[in-house]
Structures are given as C-alpha cells and as structure tokens.
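These protein sequences, in sequence, are chains A and B. Counting in this note's numbering, the first sequence runs from 271 upward without gaps. Counting in this note's numbering, the second sequence runs from -5 upward without gaps.
Honestly, the hints are just simulated from the structure, not real lab data. We put the beta carbon where it would ideally sit given N, CA and C, even for glycine. All the pointers check out, no bait thrown in.
Here's a subset of chain A near chain B, in silico, CB distances under 7 Å, partners left out:
no. : residue
1   : Leu492
2   : Leu495
3   : Thr496
A partial selection of chain B residues facing chain A, derived with a Cβ cut-off under 8 Å:
no. : residue
4   : Pro13
5   : Met37
6   : Thr41
7   : Tyr42
8   : Gln46
9   : Leu58
Quick list of in silico lysine-lysine cross-link-like pairs, DSS-like style, CA-CA up to 27 Å:
no. : chain 1 : residue 1 : chain 2 : residue 2
10  : A       : Lys530    : A       : Lys457
11  : A       : Lys444    : B       : Lys61
12  : B       : Lys61     : A       : Lys472
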Amino acid sequence: MIRLRLLAEYALARVFLGAVELLPAPLAMGAARRMADLVFLVHRRRRRIATDNVLASGIVADARAARRIARESFRHLALIVVESLRSGVEGSVNGGASAALVEWDVPASVEALLDDERQGLILASGHLGSWEAAAQILSLRKPVMGITSPMNNPRVERLVQERKPRGRFTLTSKHDLDTGRFFACLKRGDVLALMIDQRALKRGIEVAFFGRPAATHTSIALLHLTTRVPIVFGWCERVGPGHYRFHAEEPLRHARSGDKERDVRAILEALYHKLECAIRAHPEQYMWGHRRWR
Amino acid sequence: MIRTELVERLRDVMVRSCPESVDWDEVDETRTIESLGIDSLAMLDLTYDLQQAFELEFEPEDLLGVKTVGDLLAFLAARVGS
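Please put together the full structure from these sequences, using the hints given.
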C-alpha cells in the first residue's frame, strides 16, 4: 500500500515538473499563483495555521489583514518553488548561471569576509524570501553547504534534486551523524548555511520568536562557540520574476562567558531578532504555513 | 594532570554531553563515541564542554580522527600533558 502511494506521488511529481518545464515562464508563474490560491481555499487547516501565525506574530491585529498576508505567502511560496524548479531550464540567477539580476545589500564587513578565500562563514537564514536562491546566489561568491531534510519519498526527492542545478551549492542530510563535515566546510573557507526557524523535535531549547516560546535547534550557536567562525544573518528578497536582492547583517561574534546555556540562548535570541525584523519588513514573503510554535 | 584525574574529568564531561542514558561503568576505551549516542549535535556539545572543562583552545576539526573513548583520552592527554 505504502509502495503504491509512493509510486502515485512520484507519477504526480513527474507530471507537475513536466508542466513546469514545458510552459512558458509567464504561464508557469500564473499557474503557480492560481494553484496557490486554490490550495489556500481548499486546505482549511493549513490556511488557519498560516493566518493564526500571522496574528500571533503581532504584525497585524485584524483577521482580514492576517488572511491577506497568509494568502500572499502561499502565492510567494508557489512562485519560488516554480522559479527554483525552472532554474535549470532558463539558466537564471537561481540556477547560479548569472549574476545579472542580483542586488547585494551587504555591509562592508561581510563583503570582506566573502572576499577572504580562507575565511569560513556560518549563514543563518529562515524561511523568508527565496532561501534556495539565497544559497545559489551566495555560492557565486563562495562554495555553500546547506543542511537539508530529505523528503519521505526517495524517488520524488531524486527527481526534484535532479532538476536543481547546484554549481557550488551542495546539500548534506541533517540525519548524517558526521559532525566533521561542518568543521571541514568552515575550515576550507566555505559557507555553512543553516535555517534557524525550524522546529526542534528533540533537544532544542525554547527561545522567544515574536514573543512566543519556540523549540529551537542549538547547533548554529554551538558551531559558532566551538569554531569561533562568525555568523552572518542573510536572506534573499524576491524583487520580481528571477530578480533577487540578497540582504545580510553585520557579522555576529559572541565571546564565551563559560555558561553554555546562556551563550547559546543569547546567540539564538540575537538571530531571531534579526529574522523578526526582516519578516516585519516583508511579511508576505515568509512561510507562515508551518507550525512554528507547536 | 595524572591519567586517573584525566579519565575522571572526561567521564564527567561525557556524562553531561551524552543525550542517552549509558551505564558508564561498562564503558571502556575501545567503545566508540557514536555507540554512546553522541550524534552530530551532541558532538558539538561535547566539543564545547571539552574546550571549557580542560581550558583548551583546539580546533574542532582536530577531533576528526577521534572515533573511540581511547582516541579521545589520547587526544586530551597530548594537549594537557598527562
């Protein structure tokens, strides 16, 4: 039964990906937007989660405005998924082939870190803007290693990954036990990219995100404390079709106090603060549909 | 630092960093670190705790070849002069 379901998912994914590749770009984007509207309409549970999350964040106070932001975030997600999957067809920025449609909003201190071949960097990002494009764009400057959670269906996972040109952006599974790959990546002078707003299923700590406790992974803070490699908060705004602006904040360097819990918490709070500010400026580009505070 | 003191201090650190309950009396130097339930996240905890407890300034990648408790003891002994 499970095998049959996996095969059905694979067949559906093939049809979807085929359509995404064959349609001209404006049609594919239009279809993505309409598909997002349909999902928003039909998937009541996910719609409620997204709308409730927007309200809980305090970005807007009334339900109508929250619903509008939630719907826009569904459309945004559909657009960035389609753009990411089409990047191989069009050789766009997202595919790492061109830097023509990228704007850099990066302080001089980060520019210096990116220009230093031997300097590793920990990139902290969230489900804001286009995180796939952020890694691809940054890899134009330095090799990037991203940590990912593979899909439950290995055939679909392979199919999707085959369609994403990577260049100097590589992915490593979060289930891999080898910590050495992180240290080696930073030692080589590469970028290690981590998403900070994923719910920690086990051994996380609760850190306030928009004022509400959220189970948070501590890995990024521990990596910084043990390696002393600076953390840069960065994200990629989608300005228009295939057009992105990469934003980065001043590097974060936290001196050890000797109290591990306190240091880890201070780092995570500082990163959440930066993420919250970015989300407040572009709430429609945040993925509100996941249960961050469960 | 004498070896018995080193072993005791390492044991304290590992008990703190290890996410699973382990019968530490059964653990000898041939035991792999992975078999103690130390995954990549726990390894980060362990690295921090070792740097802190032994006041060592080592690069985490120096631990890449460390696979067993004995390897870890040898690694620390070389640095603290046991």
